[in-house]
Amino acid sequence: MERSNNKAWIYLLPALLFLVAFMVYPLVDVFIYSFEEGYNSASQTYNGIGLYNYKYVLRDPYFLQAVKNTFILVAVTVPISTALALVISVALNSIEKLRNMFQTIYFLPYVTNTLAVGLVFMILFKQTPYTDGFINMILSLFGIAPIDFIGGPYWAKMLVLSIYTIWVVLPFKILILTSALASVNKDYYNAAKVDGTSRWRTFTRITVPMISPTLFYLIITGFIGAFKAYSDAVALFGTDLNAAEMNTIVGYVYDMLYGNSGGYPSFASSAAIILFAIVLTITCINLIISKKNVHY
Amino acid sequence: MKIVFEHLTKTFPGKGKKASPVTAVNDFNFEIPDGKLIGLLGPSGCGKSTALNLLCGLIKPTSGKIYFGDDDVTEIPPENRGVGFVFQNYALYPHMTVRQNIMFPLQNLKGKDKLTKEVMEEKALEAAKLVQIDGLMDRKPAEMSGGQQQRVAIARALVKMPRVLLMDEPLSNLDARLRLQTREEIRRIQNETKITTIFVTHDQDEAMSISDLIVVMKLGVIQQMGKPQEVYDDPHNLFVATFLGTPPINVFDAKVKNGQIFIGDEAVLDIKGVKDGEYTAAIRPEGFMLNENGRFTCKLDRVEVMGRDISVVSRHSASKNDTIRSIISSNNEVNENTNHVKFDIRPNKIFLFAKSEAEERVYFEEA
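Quick mapping for you: the protein sequence lines, in order, are chains X and G.
Okay, so the first sequence: first residue is 8 according to this note's numbering, each after it adds one.
Okay, so the second sequence: first residue is 674 according to this note's numbering, each after it adds one.
With the rest of the complex left out, here is chain X:
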């Protein structure tokens, strides 16, 4: 037993070395920086150790704005994108003709560059001196006055960011869900059909439980992904996110490291640790809930 244990460690060593070097060490390092006040990465010096970094970050209006944005984004996009992906996947699964074509179409945004998609969204939503944007054109048909989605009120910007985020994460979820749906044995549906099960009941009592592990995987990764959102906001509102009130937590961390206000690695580390704590908590809650509801 003892000997075989040692052997196992040898096999694991390469992977462990990489994990320690590139995951554990940086994490611990960031954790330490977050308590070192006024750390300077060039001179590798700091003034003292304490909770000042956290105090500063938690009082920083930009950070609070970023937290608010991130939470709204998570709360809006994760449920909607997952539900939408489920509806589209079920629809895709139930058609026979052209299924592959539709699957490809729905998957296209996934292989398209985030910034390119951002450009498309700009054309759709942005007001310029020459045009109000495509969406405003449609809205005007219903007699709604043009709205500046990119540079206008907060709710409009949040709306665009949410739609954009949902649009970007949807393809991956659809891909995963369609394969999960396809792997459900057809006999379950036939059995339900013979027993006269309504479509809705079949969906809620059979389909959803059967794919519940995949569903929860998507929800958990969806939460994590949404908390780490940054590039989507940049694609829409440019790099000065604080000015646009559209910063996210990751964006704040980036700004603190390199941005206009740049060069505060200690504050960046504290913000990163706070984000880590939030994601960890949410994931744990997710896992506890999923234990109760995911079958097998």
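Mixed in with the good hints, there may be bad ones.
To be verified - In silico BS3-like pairs for lysine-lysine, Cα to Cα no more than 30 Å straight-line:
1) K200(X) with K790(G)
2) K193(X) with K790(G)
3) K104(X) with K813(G)
4) K833(G) with K193(X)
5) K200(X) with K813(G)
6) K688(G) with K104(X)
7) K738(G) with K193(X)
8) K688(G) with K787(G)
9) K802(G) with K193(X)
As the list claims (entries may be wrong) - Each pair of labels, with its calculated beta carbon distance range:
10) L146(X) with Q761(G): 54 to 62 Å
11) I130(X) with Q761(G): 52 to 60 Å
12) I112(X) with P694(G): 25 to 33 Å
13) L126(X) with N753(G): 52 to 60 Å
14) A189(X) with K688(G): 12 to 20 Å
Please keep in mind that the hints were generated in silico from the structure rather than gathered at the bench.
These numbers come from a predicted model, not from an experiment.
Beta carbons are placed, not taken as given, at the ideal position from N, Cα and C, and that holds for glycine.
Please arrange chain G on chain X, whose structure you already have, making use of the hints.
Then chain G, alone, in the frame of chain X:
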């Protein structure tokens, strides 16, 4: 519930561009009497599962009609046909307990058929008792053996008291011992409920042992239908003769000349009423009688003693199988020192078939 098939045909489009369509069920015309256990029997790919799915309504026929009693159910969706279906893999919902699985069909009832929870529980328990799993109501399918899962599947199919119970290869996922036990169970359950039951199998043993009637199919066409023993004793063509019986029937190239059946150079039986010519002869294993002065000589290969019976394995140049297997009572003794064995043939255990495409039976009289 009597079931009638009327010119029922199902053709599937061929897969691929140039593939020709496949006719899985070809012009079915027969009637299944009420309250019987029917075995639909045939080799893989003969269309028996398609026939079952047509009955159930999961697939629609290309042409023809199906009647349950006097009702034309051809266009009626499965849920309104009043059928119970036991799937080959049972299709038990893995996330539900046995109780929930059995109650599931009842919970689907709507409107005036809607049942209270108590009645549902009661009916579920009743069905569970019938298949003797009432002690396992709170288990999940994964926590049960294959045989128990099979029973749950039957209980779920029975709980609504269907007019017809359909089973697709009900025993194929069970091991040999459970298979014997479960087929008795199916017989018992059918006897108790009196529900017309149709099951599909490729195992002729299974079909013969419990069915009131068997229907033998080949390539979508019904070959013969009747009581198991009748079909065994009086096969209408070579396919039916070879498909039924273990060990399988022994097939020979034969000739009829001057009122005698010739296998090789030996005239093995005197007959009347058959034209001279080339035929295929088939002899059941129990159709051989050991006789030192017998008319049929084979090369002795080996003797297998199986307690009650002796199985004599021999060879003959006219045989279409590698070896000839004959079953004789163990009261007989085979001299294993010689390399020949002589038999007489029981006249009712040898069948002649035409050398045509249909290989239909040619009847003869004993001379």
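These are the hints, each one checked on the structure:
1. K200(X) with K790(G): holds, 22 Å
2. K193(X) with K790(G): With Cα atoms ~29 Å apart, K193(X) and K790(G) stay inside 30 Å; holds.
3. K104(X) with K813(G): The given pair, whose Cα atoms are some 37 Å apart, is violated under the 30 Å limit.
4. K833(G) with K193(X): holds, 22 Å
5. K200(X) with K813(G): Holds: K200(X) and K813(G) sit about 22 Å apart, inside 30 Å.
6. K688(G) with K104(X): Within the cut-off at roughly 15 Å; holds.
7. K738(G) with K193(X): Holds, at roughly 26 Å.
8. K688(G) with K787(G): violated, 43 Å
9. K802(G) with K193(X): Holds - the C-alpha atoms of K193(X) and K802(G) are around 29 Å apart, at most 30 Å.
10. L146(X) with Q761(G): 54 to 62 Å: Because 56 Å falls inside the window, the suggested range holds.
11. I130(X) with Q761(G): 52 to 60 Å: The hinted range 52 to 60 Å holds for I130(X) and Q761(G), with Cβ atoms some 55 Å apart.
12. I112(X) with P694(G): 25 to 33 Å: About 32 Å separates the Cβ atoms of I112(X) and P694(G), which means 25 to 33 Å holds.
13. L126(X) with N753(G): 52 to 60 Å: Given range 52 to 60 Å: holds, Cβ gap about 54 Å.
14. A189(X) with K688(G): 12 to 20 Å: holds, 18 Å
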